[in-house]
Amino acid sequence: MNPTVARLTLRGLLGRRRGLLLLVVPVLLLVVSAIAAGSSGDKHDLVVNVLGKLGLGTLLPILGLVVGTGAIATEIDDGSIVYLLAKPLPRWKIITTKLAVAIGTTWVFAAVPMLIAGLLLYGTQEGLALGYTAAALVSGAAYSALFLLLGVVTRHAVVAGLAYALVWESLVGNFVEGARTLSVQQWGLAVAESVATEGSVTSAVSLGAAVPLLLVVAVAATALASVRLAGLTLASDE
Amino acid sequence: MATITIDKVSRWFGNVVAVNDVSMAIGPGITGLLGPNGAGKSTLIHMMSGFLAPSTGAVTLDGAPIWRNQQVYRQIGLVPERESMYDYLTGWEFVLANAELHGLPHPGAAARKALALVEMEYAQERRTGTYSKGMKQRVKMASALVHDPAVLLLDEPFNGMDPRQRLQLMDLLRRFGADGRTVLFSSHILEEVEQLARHIEVVVAGRHAASGDFRKIRRLMTDRPHRYLVRSSDDRRLAAALIADPSTSGIELDRQEGALRIQAVNFQGFTTLLPKVAQRAGIRLYTVAPADESLESVFSYLVSA
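These protein sequence lines are chains A and B, in that order. With my numbering as the guide, the letters of the first sequence map in order to residues 258 to 495. With my numbering as the guide, the letters of the second sequence map in order to residues 1018 to 1322.
These are calculated hints, taken from the structure and not from any lab test. Some hints could be false.
Stated by the list, open to error - Listed below are the simulated SDA-like cross-link pairs for lysine to any residue, each with C-alpha atoms no more than 25 Å apart in a straight line: (1) B/1150 x B/1197; (2) B/1130 x B/1140; (3) A/350 x B/1087; (4) B/1150 x A/336.
To be verified - If we take Cβ atoms under 10 Å as the criterion, some of the chain A residues that face chain B in the derived model are: (5) 300; (6) 340; (7) 343; (8) 452; (9) 455; (10) 456.
As the structure is a prediction and not an experimental result, all values here were calculated from the model. Glycine residues also receive a C-beta, built at the ideal position from the N, C-alpha and C atoms.
With the hints as extra help, turn the sequences into a complete structure.
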């Protein structure tokens, strides 16, 4: 961790309009939960829909995308990254610091609201609130690492990230059974499944597969991002 | 004392060759990297500052490779051409962050000193996003100087500066050069380079066109064959009188233009000869225009010299 890199990253993330954009996710989740809490449907289904489909399936990847790319891609795009790179700082330190800030931000803006929304909707029954929060914590970390890597390797990080989160995880995952094995969302659900009461959450992936996959993705993405950052070529204007 | 050595370096992007087999050594003092836009100056500076790998050849600082070697930044200060620099920070926060990133023992003191050096203390509490181009340039300078580097690399530092800011920056760079630091700056304006640098490296179309003392290069530029377009009251008679003198090497009678196209061997000789010859023969001169005074033609002459 480098405190200066962390400070710059955090101010870049929370400053200006991006900070407001980040607020949309928790506000949306809490408003939907508050409305749902007053309705008279099957509460269990409601929680699965709001926390699982909306929170974990849609809002978390979008937030992870905004935060993960915002932590580095904006700096690479506008060229201000030179001020970080023209320093005797190990590149992995820059990446791990930015990753830590991204994970922390994702947790604050997604995992914490998830817990509040869960308690609001369903209390502590069946351990659902806690289960989905645990899922948001691990998936949020994995998304952050993945999207941070995208921010380093491609100029079209946002498009690539959206393609993964929406097309692969949601669309392809819905129709193709196998695609779900390689889905951060399903790995998160596997964690939720193990935390909540048996049978209340289902995942396409077993915990034994999900945990190693999460670790491999997070570590590999971080390592690859560090290597790519060390060889970052700044576009010449000529 | 630090020297950047560029040894047989080429760099291409796909099919485009941006830098073609260039070798040069940049030592202590001020060096101007001169060339027209698109000549490869930025590509060279990017390679010297470790943000671009040479396709072939080596770029080193005192023998150590610069590419993928973060330790060189202890000695290199970089002033990039692009302007973005964390707009949401104040000048003070920006320079202080740079000092901290260098891991300096007293970042606050170093930042204060650097801001004083570029005379930006008065605006240090303002956000850099509100700065003018010249102010940004000076704060970028402060951030590059904060760790007291032996080498300073500046990419088009005078772009967009007003004359007063330009003089200020030149003065600052002169002091650094006099301190025995290695200062390299790029520019496409000959006069700019001439005012500041004793030593000049010229690149044209990716090639190393000339190297050396600015006076020598200036002479090369003014002594080259010049072409003129001349209209007079009697073109034929004027041509006959001019070709008799050794300072001209060729004259063409351009019937369509109604003018003479004259190839002069040297600038000095021809410019004194022409009015004398015309006067003696009683010929009026209507037009005397240099035909190829663009910077590009000057540079392309240097390449072939």
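Starting from residue 1130 of chain B, check that the Cα of residue 1140 of chain B is at most 25 Å away, please. With Cα atoms ~15 Å apart, residue 1130 of chain B and residue 1140 of chain B stay inside 25 Å; holds.
Using Cβ atoms only, decide whether residue 343 of chain A comes closer than 10 Å to chain B, and label the hint accordingly. Hint on residue 343 of chain A: holds, closest Cβ of chain B at ~5 Å, below 10 Å.
With a cut-off of 10 Å on the beta carbons, see whether residue 456 of chain A makes it to chain B. violated (49 Å)
Quick one, are residue 1150 of chain B and residue 336 of chain A close enough, alpha carbons at most 25 Å? With Cα atoms ~16 Å apart, residue 1150 of chain B and residue 336 of chain A stay inside 25 Å; holds.
Min Cβ distance, residue 455 of chain A to chain B: is it shorter than 10 Å? This interface hint is violated because 49 Å lies over the 10 Å limit.
Can you confirm whether the C-alpha distance between residue 1150 of chain B and residue 1197 of chain B stays at or below 25 Å? Not OK: residue 1150 of chain B and residue 1197 of chain B at ~28 Å, beyond 25 Å, violated.
Satisfaction of the residue 452 of chain A interface hint, Cβ to chain B closer than 10 Å: Violated - the Cβ of residue 452 of chain A stays beyond 10 Å from chain B, reaching only about 39 Å at its closest.
Does the structure keep residue 350 of chain A and residue 1087 of chain B at a Cα separation of 25 Å or less? holds (12 Å)
Can the hint on residue 300 of chain A be confirmed by a CB-to-CB distance to chain B that is less than 10 Å? violated (44 Å)
Holds or violated: the hint that residue 340 of chain A contacts chain B, with Cβ atoms closer than 10 Å. Where the cut-off is 10 Å and the nearest Cβ of chain B is about 6 Å from residue 340 of chain A, the hint holds.
Going down the numbered hints, you'll see the structure goes against 1, 5, 8, 9 and 10, while the others check out.
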